[in-house]
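With the hints as a guide, dock the two chains, each given alone in a separate frame, to form the complex.
Residue numbers (this note's numbering), protein chains in the order written: chain A, 32 to 349; chain B, 3 to 286.
Mixed in with the good hints there might be a few duds.
Stated by the list, open to error - Dumping the calculated BS3-like pairs for lysine-lysine here, alpha-carbon to alpha-carbon at most 30 Å: (1) A:K349 <-> B:K154; (2) B:K157 <-> A:K331; (3) A:K219 <-> A:K126; (4) B:K154 <-> A:K328; (5) A:K287 <-> B:K79; (6) B:K154 <-> A:K335; (7) A:K271 <-> A:K287; (8) A:K287 <-> B:K92; (9) B:K156 <-> A:K331; (10) B:K92 <-> A:K289; (11) A:K289 <-> B:K99; (12) A:K335 <-> B:K156; (13) B:K81 <-> A:K287; (14) A:K289 <-> B:K154; (15) B:K79 <-> A:K335; (16) B:K74 <-> A:K349; (17) B:K257 <-> A:K126; (18) B:K157 <-> A:K349; (19) A:K273 <-> B:K237; (20) A:K126 <-> B:K237; (21) B:K157 <-> A:K219; (22) B:K157 <-> A:K335; (23) A:K273 <-> B:K92; (24) B:K72 <-> A:K349; (25) B:K81 <-> A:K271; (26) B:K154 <-> A:K331; (27) B:K72 <-> B:K156; (28) A:K329 <-> B:K156; (29) B:K154 <-> A:K219; (30) B:K81 <-> A:K349; (31) B:K99 <-> A:K349; (32) A:K152 <-> B:K237; (33) A:K271 <-> B:K237; (34) B:K99 <-> A:K287.
Keep in mind that the hints were calculated from the coordinates and are not lab data.
The chain contents come next:
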Amino acid sequence: MVYLDFESDIEQLETELQKLREVGEKTGIDTNAAIVDLEKQLLEKKKEIYSHLSAWQKVQVSRHPERPYTIAYMDYVTGNNWIELHGDRNVADDKAMVGGLGQIEGHSVMMIGQQKGINTKMRQIRRFGMANPEGYRKALRLMRMAEKFNIPIITFIDTPGAYPGLEAEERGQGEAIARNLFEMFRIKVPIICIIIGEGASGGALGIGIGDKVLMLENTWYSVISPESCSSILWRSWDHKEKAAEALKLTADDMLKNKLIDGIIKEPLGGAHRDMNQAFEFVKKEILKHLPALKKEKKDKLIQKRIEKFAQMGVYTEK
Amino acid sequence: MWFKRTKEGITTSTSEKKETPEGLWYKCPDCKEITPAEDHEKNNWVCNACGYHERIGSAEYFHILFDEGKYKLLDEKLKAIDALQFTDTKPYAGRLKDAQQNTGLNDAMQTGTGRIEGLPLVVCCMDFSFIGGSMGVVVGEKISRAIDHCIKNKKALLIISKSGGARMMESAFSLMQMAKTSAKLTLLAEAGLPYFSLCTDPTTGGVTASYAMLGDINMAEPNALIGFAGPRVVKETIGTDLPAGFQRSEFLLEKGFLDFIVHRKELKSRLAKLITIFNNEKVK
Ligand SMILES: [Zn+2]
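So here's chain B without its partners, still in its complex pose (with noise of 0.2 Å):
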């Protein structure tokens, strides 16, 4: 959490530096402890004190993950149409706008391409400013068209999940994007090319049970919430406390559904071994 935003959501890592005034703090929630901006930013927004991995957006994974910072977006211009017209409280038209507004983002998934240690990669990852980061048309398009690129490009693909669920303001249509992505990610199977899924806080709901849990290697960041159901469901179906750490990353991995948890400062030579890995028709 940011003492002061110098301008709320919009501000991409690099222009974030940039405009970062002195004498700017970041407060630890997990342990208090409080670092000057600069340096937390340096950490990749990781607690230096206690580990906490802050939320963070698709600017900043693209900053980390990218040699030098540089890619290029794919598909920007995808916007969401209030399809069935959805009115609860407020109108999703209205919600739609308000998201944009104040995220300067279009919708809740980007598509970054570019080289990590000199590999090239496509990062799909969600912003979960936007609306939660949930799960709509828009979202399920960019999954598909990123795949279509990696497919032509014989490119890797990395998503990085953020996101609350499914988009209720899409009722079906967002239900199908669990379909739509499942479909896709059969085809980039198919092509022989990587999927690695990060699932980072929180992963819950559609989005875990599609894309989320599809990876060739499905990873997460520590401590994170990942699950089908979310913990309050949970608890008043069952009556009775969750016991510790349930639905976190680590009780993932021991249960068998992770491949590894990665500390963000591993990210991405962790991703870069592995796709020299999986690359290996190159030796002969």
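This is chain A alone, in the form it adopts within the complex (with noise of 0.2 Å):
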């Protein structure tokens, strides 16, 4: 288990019980009494650390290493069933974007998705989940055949943005992401859009305009990462805490500025720490929308999408 910094009575207790647990086991004394008592306080602890999170330890857990990234959202989903599709049919297999067809209790479901890497080599192919404009092409091409075979689309966003490459710039990251944009007004199939784990900026939207739009509990959507603001805004990288905070970057913040439709609760202490639980939490969610989206009207489908966000923002006009 890796704790994160703020985590550390955490840790300090769950050490405790792993001892108690073990003294009770080789030495037969009865430890019962204790280990529930220890049980108790930190679950009250647990409680207490994660119902006051600030806006960077929500950062911090959307980045916890042990948290689930795409796939294996997709293996659950699914019951572990589905066929990854690869390629933008143009120039390569983006291995920072996956896609692919499945069922979610019968029904069908195009899945798509950025994709950390979960070792060292992994992260270093999967580029952290930074897509190219490969894998952008290849999320459009996978959501035109969804819309062809009438096939409802998911997507699980997960990335620290666009991967700022030179070849990215030589193949139009610009143009690529703005043509999802452009292009999943169009897309005449319901859209659900779920934030498992980072969601920054343009790198996240290009496969984030959705009928639904939900953030997991403890993760972030925001125009730039809280550091690149720091970095930017107070010329220095020291101020990532309080640019976390200015951003507004969390789900409440999201929601209650009405720029997502919802938030999906986590397991106590973040994702990772009961990944089958996050992942029912989320399976319920596409589950409780998709039909309502299934049976709305194609035109009302695309109008309703595009009025939502056209209405995006507040200003004044005296």
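Below you can see the structure in the form of structure tokens.
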């Protein structure tokens, strides 16, 4: 278990608990009462810490190294039975963006999302979940296929941004994202977008246009990462906590500002603390929205999608 | 770069002409050639010696494009609200007020409607002088309303981009303007009306990743910086120097992302020609 800096009290209690269990096993002394008491303390402590997370602490949880990534969600919601589809039919298969077909409790779905690597080698191959233009174009190819067969689309968003490389620029990173934004307003099947980790900037939005845009409880969504914001506006990397606060990037802030449609609860202590529970929450949420969205008339669906995004933002005219 | 500004920022090209005292000169930052300001203006703020396109604002573009310099501004009163109460080293509300005072503009996008060679056109033009031409809610709303106006009155749309990208101080509100403008552009497309995108120096970040790259015709002024990630960030990523001309108009043309590069003096006639060609339904 990897503990974050604000989890030291939890770490201490869990270590004690572990010791107590070992002592009980080794010596045969009855430690049950002490264990029950400690477990209660631990639960209270977790509740206390996790009900008061700062914006920066949520950013930390969203990046927790043990947090589940896109493919893990795809596996669970389809009962480990989906078919990955590769390539943009033009340049390459981008490993930072994955997609494929499966069924969730009988509902056929096209699933698309950024994928971070699960070990050092895969982190390189998947470029830490930062897609190239081919990734966005693969996503669009799959979305168009879904539309052709009248299959709803689920996107899982987890990216520190679109890849800022030389070749990405050569192959039109800006155009690729822009094209997705445009086309996702014309795709005539339901789209559900779920931010499961990091939702950074245009790289996240490039697969983020949906009829329902939902955020897991401990994720963030913003125009820029707190670190980059700090370095640009404060001209130093040291103000990331302040930047995170100022950017209003938590799920609660996003819902309050009417920029997302809902929040999906996470298990206490974050999605990595009880992955199956997290997957189940996500699956339930998808199944909650899918039937109604599938019933909606195609033109109405598009019209509502456009109107929702067209209303985002506040201004004055005095 | 002007040797002397009669009044910083807010002077429109037409009023500037009147106020320009004798002996005002323009020095080209590229080739260092010195030209009388009046000649420089007549040359559309392009260096006569080397073709360097000076960064100009919306008033100048409207002056260049619209017949007899006549146009009507739309949605002039739209102003940003600091809904997030954003503060970095300075409160955003203060930054807004300063920018408004220094530029005489309400935000980084102005919409003008008028005629070019007799043909109706709506022009949304960004002002880099207003917080780096950053895209916030007002920029998005102006485009959104300009598109409504185009659809209602069956007019073509030109957006002139000149921007460092999204406005950080509006965070996700600003990010969602990429979505909002793209959404509205699908309606313009449905209506069969042409959308011209002109990228000028610089066009980067969220602006490039939304409306700037979505034109039926994507065009750029010569040697404009156009990209998603800024050159400094790309350089940090690859760890070596960038090739010469990287992310410039000519580079994007070569890579297939622009229809053409247009010299400022030919912008108006090129647009008029295209609008005429797109309008072929009139001829049976
Ligand atoms: Zn020159």
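Tested hints:
{"no.": "1", "hint": "A:K349 <-> B:K154", "verdict": "holds, 24 Å"}
{"no.": "2", "hint": "B:K157 <-> A:K331", "verdict": "holds, 26 Å"}
{"no.": "3", "hint": "A:K219 <-> A:K126", "verdict": "holds, 27 Å"}
{"no.": "4", "hint": "B:K154 <-> A:K328", "verdict": "holds, 25 Å"}
{"no.": "5", "hint": "A:K287 <-> B:K79", "verdict": "holds, 26 Å"}
{"no.": "6", "hint": "B:K154 <-> A:K335", "verdict": "holds, 20 Å"}
{"no.": "7", "hint": "A:K271 <-> A:K287", "verdict": "holds, 22 Å"}
{"no.": "8", "hint": "A:K287 <-> B:K92", "verdict": "holds, 24 Å"}
{"no.": "9", "hint": "B:K156 <-> A:K331", "verdict": "holds, 24 Å"}
{"no.": "10", "hint": "B:K92 <-> A:K289", "verdict": "holds, 26 Å"}
{"no.": "11", "hint": "A:K289 <-> B:K99", "verdict": "holds, 26 Å"}
{"no.": "12", "hint": "A:K335 <-> B:K156", "verdict": "holds, 23 Å"}
{"no.": "13", "hint": "B:K81 <-> A:K287", "verdict": "holds, 21 Å"}
{"no.": "14", "hint": "A:K289 <-> B:K154", "verdict": "holds, 28 Å"}
{"no.": "15", "hint": "B:K79 <-> A:K335", "verdict": "holds, 28 Å"}
{"no.": "16", "hint": "B:K74 <-> A:K349", "verdict": "holds, 19 Å"}
{"no.": "17", "hint": "B:K257 <-> A:K126", "verdict": "holds, 23 Å"}
{"no.": "18", "hint": "B:K157 <-> A:K349", "verdict": "holds, 27 Å"}
{"no.": "19", "hint": "A:K273 <-> B:K237", "verdict": "holds, 27 Å"}
{"no.": "20", "hint": "A:K126 <-> B:K237", "verdict": "holds, 22 Å"}
{"no.": "21", "hint": "B:K157 <-> A:K219", "verdict": "holds, 27 Å"}
{"no.": "22", "hint": "B:K157 <-> A:K335", "verdict": "holds, 25 Å"}
{"no.": "23", "hint": "A:K273 <-> B:K92", "verdict": "holds, 13 Å"}
{"no.": "24", "hint": "B:K72 <-> A:K349", "verdict": "holds, 25 Å"}
{"no.": "25", "hint": "B:K81 <-> A:K271", "verdict": "holds, 29 Å"}
{"no.": "26", "hint": "B:K154 <-> A:K331", "verdict": "holds, 21 Å"}
{"no.": "27", "hint": "B:K72 <-> B:K156", "verdict": "holds, 20 Å"}
{"no.": "28", "hint": "A:K329 <-> B:K156", "verdict": "holds, 26 Å"}
{"no.": "29", "hint": "B:K154 <-> A:K219", "verdict": "holds, 25 Å"}
{"no.": "30", "hint": "B:K81 <-> A:K349", "verdict": "holds, 8 Å"}
{"no.": "31", "hint": "B:K99 <-> A:K349", "verdict": "holds, 15 Å"}
{"no.": "32", "hint": "A:K152 <-> B:K237", "verdict": "holds, 23 Å"}
{"no.": "33", "hint": "A:K271 <-> B:K237", "verdict": "holds, 23 Å"}
{"no.": "34", "hint": "B:K99 <-> A:K287", "verdict": "holds, 26 Å"}
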